[in-house]
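Undergrad: Residue-level listing of the chains:
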Amino acid sequence: MENRLQFHHVGTLVENMADAISHYTDLFGPESVSPVIAIGSQQVNVCFVKMANESYIELVESCGEESVVSKMVKKKVTYYHIGYKVDNITSTVSELEQMDYRPMDYFHSEAFEGKRCIFLFSPDMHLIELIEK
Amino acid sequence: MDKNEVLIQLQEIFRDTLDNEEVVLTFDTTANDVEEWDSLTHIHLVVSIEKHFKVRFTSKEIQSWKNIGELADGILAKK
Numbered sequence: 021m022e023n024r025l026q027f028h029h030v031g032t033l034v035e036n037m038a039d040a041i042s043h044y045t046d047l048f049g050p051e052s053v054s055p056v057i058a059i060g061s062q063q064v065n066v067c068f069v070k071m072a073n074e075s076y077i078e079l080v081e082s083c084g085e086e087s088v089v090s091k092m093v094k095k096k097v098t099y100y101h102i103g104y105k106v107d108n109i110t111s112t113v114s115e116l117e118q119m120d121y122r123p124m125d126y127f128h129s130e131a132f133e134g135k136r137c138i139f140l141f142s143p144d145m146h147l148i149e150l151i152e153k
Numbered sequence: 005m006d007k008n009e010v011l012i013q014l015q016e017i018f019r020d021t022l023d024n025e026e027v028v029l030t031f032d033t034t035a036n037d038v039e040e041w042d043s044l045t046h047i048h049l050v051v052s053i054e055k056h057f058k059v060r061f062t063s064k065e066i067q068s069w070k071n072i073g074e075l076a077d078g079i080l081a082k083k
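Chains as they are written, first to last, in this note's numbering: chain H, 21 to 153; chain S, 5 to 83.
A portion of the hints provided could be inaccurate.
Said to hold, decoys possible - Result set (DSSO-like, lysine-lysine): computed pairs, CA atoms no more than 27 Å apart in a straight line:
1) S:64 / H:153
2) S:55 / S:82
3) H:91 / S:64
4) H:95 / S:55
Hints in this document: simulated from the structure, not taken from any laboratory.
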């Protein structure tokens, strides 16, 4: 693959962000836990817990019935996607489509300074997120 | 295969994929009418439909359907 996928985070759903932050703060210390960021287009709140340099757990809390993940929360899904940073998101998506990945719609994420992001399903129906550097 | 046969088969695919035996489709059905049909399950449905009907849709086609009738037309156009 020409475009390199740089691992950034594992996304996991949480039912209550305050409870999850409390737990992860106990585990990794307050300096490892980011502020909570609201992602308007996805109707979720997110918070990043630093594991190592540029490697995070992304805590994702649904903000209502219309959010993309609300049904997954009800089904008790926890870990559900891996996020990668990429230099050129458009050409990476094209390359992945050639490998049978199925893209969803682009959105701009408040968690990444408004940069473009996109979710895709792999041929095995694993969900990944690309984040424009 | 006519459009009504496609509709019947689509209903079975939707019931299996969404794990809901109560799904009832008509040509006018949209994602707003089926609780489990969201942007994530949409991709699962497309893959199941492609496997069942042995067709392949482009991203543009996948985003163009406004209801089940248009999806059925899209399937028939490829058969």
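Undergrad: The structure should be examined with respect to each hint, and the outcome stated for every one.
TA: Hint by hint, here is what the structure shows:
no., hint, in the structure
1, S:64 / H:153, "26 Å, holds"
2, S:55 / S:82, "13 Å, holds"
3, H:91 / S:64, "26 Å, holds"
4, H:95 / S:55, "26 Å, holds"
Hint compliance for this structure: no hint is broken.
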